[in-house]
Every structure is written in C-alpha cells, then in structure tokens.
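Undergrad: Below, each chain spelled out in residue letters.
2 protein chains.
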Amino acid sequence: MALPGFRDFYPDDCAFRNALFAKWREVAHRYGFVEYDGPPLEPLDLFTKKSGQEIVTQLYNFKDKGDREVALRPEMTPTLARLVTARHKDFKKPLKWFSIPQVFRYERQQRGRLREHYQFNCDIIGEAGLEADIELIALVIDTLRAFGLTEKDFVVRLSDRQFWTDFMNAHGVPEDQRYAFIQAVDKSERETREKTAEKLGPLAEEVFTVLEKGAASERLDTVETGLRHRGLQDYVKRDFTVVRGLAYYTGVVFEVFDRSGEFRAIAGGGRYDALLKNLGDVDLPALGFGMGDVVLGEILKAKQWSPWKFPHLKAFLLIADEQFRPQAMRLLQELRYIYAIDYSFQPAKVGKQFQLAEERGCTVAIIIDQQIESGVVEVKDLATRAQSKVSLAEGGLALFLQELEAKNQRKQCGLPEEESPSS
Amino acid sequence: MALPGFRDFYPDDCAFRNALFAKWREVAHRYGFVEYDGPPLEPLDLFTKKSGQEIVTQLYNFKDKGDREVALRPEMTPTLARLVTARHKDFKKPLKWFSIPQVFRYERQQRGRLREHYQFNCDIIGEAGLEADIELIALVIDTLRAFGLTEKDFVVRLSDRQFWTDFMNAHGVPEDQRYAFIQAVDKSERETREKTAEKLGPLAEEVFTVLEKGAASERLDTVETGLRHRGLQDYVKRDFTVVRGLAYYTGVVFEVFDRSGEFRAIAGGGRYDALLKNLGDVDLPALGFGMGDVVLGEILKAKQWSPWKFPHLKAFLLIADEQFRPQAMRLLQELRYIYAIDYSFQPAKVGKQFQLAEERGCTVAIIIDQQIESGVVEVKDLATRAQSKVSLAEGGLALFLQELEAKNQRKQCGLPEEESPSS
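If you read the protein sequences in the order shown, they are chains H and C. Going by the numbering used here, the letters in the first sequence line up with residues 1 to 423, in that order. Going by the numbering used here, the letters in the second sequence line up with residues 424 to 846, in that order.
Because the hints were derived from the structure by calculation, they are not lab data. Fair warning: there could be bad hints in the mix.
Selected chain C positions facing chain H (in silico; Cβ < 7 Å) [said to hold, decoys possible]:
(1) Gly428
(2) Tyr433
(3) Cys437
(4) Phe439
(5) His452
(6) Tyr459
(7) Pro462
(8) Phe485
(9) Tyr529
(10) Arg531
(11) Glu550
(12) Gly654
(13) Gln746
(14) Leu758
(15) Asp765
Label-pair restraints from in silico Cβ distances [what the hints assert, rightly or not]:
(16) Gln810(C) <-> Asn169(H): 51 to 61 Å
(17) Asp321(H) <-> Gln476(C): 49 to 59 Å
(18) Phe686(C) <-> Ser260(H): 52 to 62 Å
(19) Lys65(H) <-> Leu805(C): 44 to 54 Å
(20) Pro347(H) <-> Leu822(C): 22 to 32 Å
None of these values were measured; they are calculated from a predicted model. Just so you know, even glycine gets a beta-carbon here, dropped at the ideal spot from N, CA and C.
Given these sequences and hints, build the entire structure.
TA: The following block contains the structure:
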C-alpha cells in the first residue's frame, strides 16, 4: 500500500495525469512562458522564512544524515524566489516562468484529502504594470479553455487586495487586527451575516456594502478592459470577498471556480510585489497563480473529458507463420523508427493475435506469412476489416500506413473521405 | 542554495531535462510500453524488504508526523513490484511498463556526485521467454539511437548471470561465499589479476579462461540471434565480467557503456525472475533496465547534442502604434489558439521591440500599426528580413504563418525551397 494521502499512478491514471501536464505545458508555451524546476527536498528554513514557524506542523520535515533540517516542498514559490534572487541578473525581465512541481503537506487526513498533489505554477517577475496581470489572468483562462471548458463551466473571481489595504488604512484598523479583518472578509461568503458582522464590529455595514454593491477600483477597471480586448470578458466577475488568505498579496488577486459551485477552487493567485524583497533582498515586482491537478481532474472526469493520450499503438505485427519471425523482426525494427508497433512474444494462433492486437488498442495489423519472401505483406484495417496486399519495396508499407493514418484522422475530424489522387 | 547533491533546473537545464524525458517516452511508446508512476515517499520497509537493513544508511528516511517510518525512494523496482503484485490480475500479461521517477540516495558527497537523479525504468513482466530479453535490449539500444548515438558511440555488454550460478553449483561454491565470488568477477576488470586471483582462490584460472575466451551460453546465442534479426548485432558484445552486483538477477544481464570508456555505465539491467515472488508472493517472471539522466546527459553534452526543445516562440506581436493595442490584443488572443506569440507588456520603440523579439527567440514579427484599421498587418521574417503585407481576412495571417513555418522547416531539413503552387 502507498502511504495514506499518496497516489499510485497505474497506466490509465498516469496517462490522465500526463495529459494534464501536456496541456499545461502547451498553453504556457503558447504564452511565451519557459519551464523551470527545483528539488522536491529543500532546507527547512526556506519555507519557515516565508510562512513562519507555524508551517512546520504541516510539513514533511526531518534531519538528514548530514544533520541538516530539510523538508519536502509544500509549495513552489519559495524555490522560485530562491532561483530568481540568486541569478536574476542573468535573465532579461520580465521573466515568464512556469513549473509543474509535486508538492507535499502533512494534513490531517479527511475524506480522501491528499498529502501530495501536482501544481501548475505560472509567475511573471519584474513587471509592475497591470498588463502583466491581464496576461496572467488570460493564461489561467486559456489553460482551462484548452481542456474544452467554457465560460459556462468556470469563472474567474477578480478582486483587489490593495483596495482592502487602503480601506483598513482609511479606517485606522490597527496592524494587529488586520489579519483577522482579512480573514473575516474571506469567510463572509461561507458564514452567516451575523457572525461576520460580529467579527467586523463597527466596520461591518461599510464592508457589506462593498461586498454587495462593489466599489471603485481603477486597477480592476484596467484589468477588465484588457481582458475585454482579448475577448475574455465573459470569464471574469468582480468579487471583493476574494482576498486570498496569504499575507503576501499586494494588488489584483483572483480565484477560479467551477460555475456549479460543487468543487473547491480550481486555481488562485495574484500580485505579490514585496515578497522577493522580503525573502531574497531583490526588489522585483511579481505575480503568479497555482492550479492543482486534483480539483481540475475531478471536474474533467465529471465532464467525462477523455484525455489526449500519448500516441496509441498504431500497428500490430501479426506473425501468421513462425518460420518468418526473423524477417518480421527486421521489419519491426524498421517500422518502429516511425510507428508504434507491438507484437506477440510467443507464437500464437492468428485469431489470438488479432484479439491481442485489439486489446492493445492497435488500429491496423500487418500480417507476416510466406508472401514476405516475395516482398509482400497483408495489411488489415482493424476498424473497417478491409485488407490489402502491400509491397515492402521502396518504403511502400510506411507510405501505406501513413495514408491509412491520414484517412483515420479525417474520419475522426468528421471530414469527408478524400479520393486519393491516383484513383 | 539547494541542498548539496540536489539540482536546480533553470529554464535551459529544464529544457534539456525535458528533452531527455520526451525522447525516453517517445521510444518507450514506439515499443508499446505504457507509463506508470508511484509516490516519491514510500514506507521504509518497502525498501528494506528488498535490499536488507544495510540500505538504510543510504536513504533519506525519517518518521512522519503519524509516526510512520518512511523514505524517499532510492529506486523504482520495489514500487513497481508493489503496484504489480497488488493488481496483477487486472492486466493482461506480459506487461510492458515504464516510468521516469526521480530517485534519492544519501551518498557520501564526492566530486559532484549527486544525491538525486531521474531514471528511465523499463520492465517486462509475465514473460519467461527470451524474446522478452531481446525486446528489452532492442529498446535500450533504440533509446540511445533516438539521441543520435550509433554503434560507434556505445556498446551493450551482454552476459549471463545464470551461467555463473551454474558455474558455482558445478564447483560447489558454498552459499556464504557466493556474494564474494560474484563481487570478485564484477571487479576483475578494474583490479589487478593478482588481486582477483587471490579472491577467487583455486577457481581463479578457470574463471579467467571464461572472462578471456568466453563460454557457451544458449541463452546468449538466442539473444544475439534475435538482435541480429533486428539488425542490431553491432551494438552488443558478450562480456562475462558483467554480473550486476545486485543479488536478485537470474538470467541474461547487460550494461551499456560509452565506447570511449570515459563515462560510468549509461544503463544496466537484466532478468530477475524470482523477485516478485519474494517481495509480493506473486510468481511472475520479470526483467528490466534503468538508465539515469546524469551520465547520458554528460555524454550528449560532450557530443554537443542540442536537445529538441518544446516549440520555440514563433512570432512576436510588435505594437508600432500604441493606439491599436486593443486590436493587437484581440489578434494575440486569436493567434495563440495555434501559435506561440509573445509581445512587450510596455509601450516601446519599434527597434527595441525587434530586439526583444530576437532575444526571445522569435522567428517572425507581426507589426501592428494603423493599417490594422483596414485589416492588414506587416509580417517580417526575422531570419531573411523579408517583409510582406498580409490581410487578416479569412484566416489569412494564420495561413501565411503556416507557410512560413513550412518553408523554415524545409530549410532546416536541408530541402530545396519549394515554389508555391500559385507563383
């Protein structure tokens, strides 16, 4: 058994996970982001420096054999900060960097809550202007669109953390009450009005007005206009209850939710302009988001999204006459240069080999019998059952498979069958 | 700083690493292998059960907050055995499974020796016949060929562990001396003849004869014939010094080395038919190999292999007139559906934007100025400096970019420039 809270990835699970990763990478690359990574094990103080000693209760931490205090990473931002501050002079700003780390938290075990997950992290570093906020939010939207989700499926709740900081300044909320204030706003959606009012005291009415009627924010106006220029306005909604619990956010913040309200947040992020200065003494504005694989996976499964998989096996080499196995193996070797080919290790009846071909998801069988002595094989399309004699001379088989593949693709795309030029 | 022995992956390093992974996956899929994965953290006894208590000195092990003895995985085989024995009835045999885990060992720090690396693991489970050994060795060869390496660059040293077991049986070597015997054979290549002779005692001369002149092995005959059928005979060499230190190998074993002899082993593996029975009480024959990313990476870097990277940025959206930024952003959004497009967050002079485009590796610039009002943009090929007016109507720009891309690809492949049908 795997440890509680840890997942095994059997082949189907692994294909699903890898399909998520492939889409994440594809979209990030389309946006000009480049990938980085760091070690899953880091010095403990990298994490306590950012989040305080409290975080240790949630970490997988220990002393290594060299007496170093170490921990499995619970998030990627401290590693990103470490990498960027160490070598920021080597890179042109703004950086557009992404990563897909596995992260670990020792959480009290509850209703299948996991202790590890993968997180798509995208950050822009070194750009103070709101254009970066727009780009980042467009990226989070397009990432979900790449999975076939639309504005009917999810919404980005936009908010302005700076608005609340200004609000607290204007009303003289003392430093030591600010965390509680932010938490009360954060929880206002899930708690009764009375409870929230009690927490907010004399400011309650004014806060409720903001939450219900909204408030002016030039920052959000600019972001919304930018998203409108990209045709993405239907994916966002202003919502001042979004404050992101974490202490280090400084500007526009956002959380992405399924419209149905069934699931936990799909993604969240925002601007954290002071963090790199605090952690690494390098004064660079920054913003980013994280999107986990678990909630997204649940949503896609609920929508019966079938992941794009790595190329399936395409052909099965069916050895109908064992005496030609050596020639079959030579052909196998040639074809595998381009195609995915499987075959039976052991001699088996033709019918059994056809069955094996279908079990392995092959779409075509190449049948090896005595005709191979005159350079010919039979090729059977396993979908249509059509069978053809194909010459092995001058790459004829590779060409034949190519045409078959193109025909199948046209069919999958709903295109009409094309007459081949020669017919 | 990362922990000693752990690597950071800045974008160039990460692209190189991912290019290795992509090739590994590609070849494994061509051979009909499917990917699986498991947790990097496992119960400690999963590893001690296979390797004994001695392994603990090399592990990153600790007690988690639930008082469980856990360890970062030092290798993948125990996890594979756990997965397969738990659900072997759900899968048709033979299984052809691969994985690319990061594995961890607390080794005494020496000349940059790492404490983590990635390992391409391929295993075939449930096939006793030598055809599986041939398939596995063909896979290790084709994996290296996929990186452009040839029989001049590397060799697979083939051996037969069962031959040595039979030899020890025939000569009555007692159980408690067998490990020392195998170790002496293993080290014979690196130690003086005298030292090895001393270790082997009365068997020395006979062992030297085998090492120097070879010995009969039907198993190796069959494997070599099978590889000859596939045209891979020049990649292998019989070498009885290869025994693989690990206790659990039972049949054909192999190690892959750089021909120059400069580097440590690139890969190693073999048949381990008894392991699943010992670990999980499921009697399935099995064989596999592991290939690390570090030695392979060093060899490829020495040969100046430039990794296939994820699609580079293709186009730069150059905003020559800021008043058209909104239209530019709409175009950006449309094009990113297919292409990788970057742009400047901030208004900048045209010359500076061209410079940025080149820094980001863009091969083409799409220039936005007032012509966009009549549905036209200028497109500049940054390699040839050729500039064209392109209409935005009816997907004209996407088509133009497609043709440009095809032209560039023909050039990269050394093909002659093709006249477009319309000219």
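Undergrad: Which numbered conditions among the earlier hints are violated in the structure presented, ordered from lowest to highest?
TA: Hints 1, 4, 10, 13, 14 and 20 not satisfied by this model.
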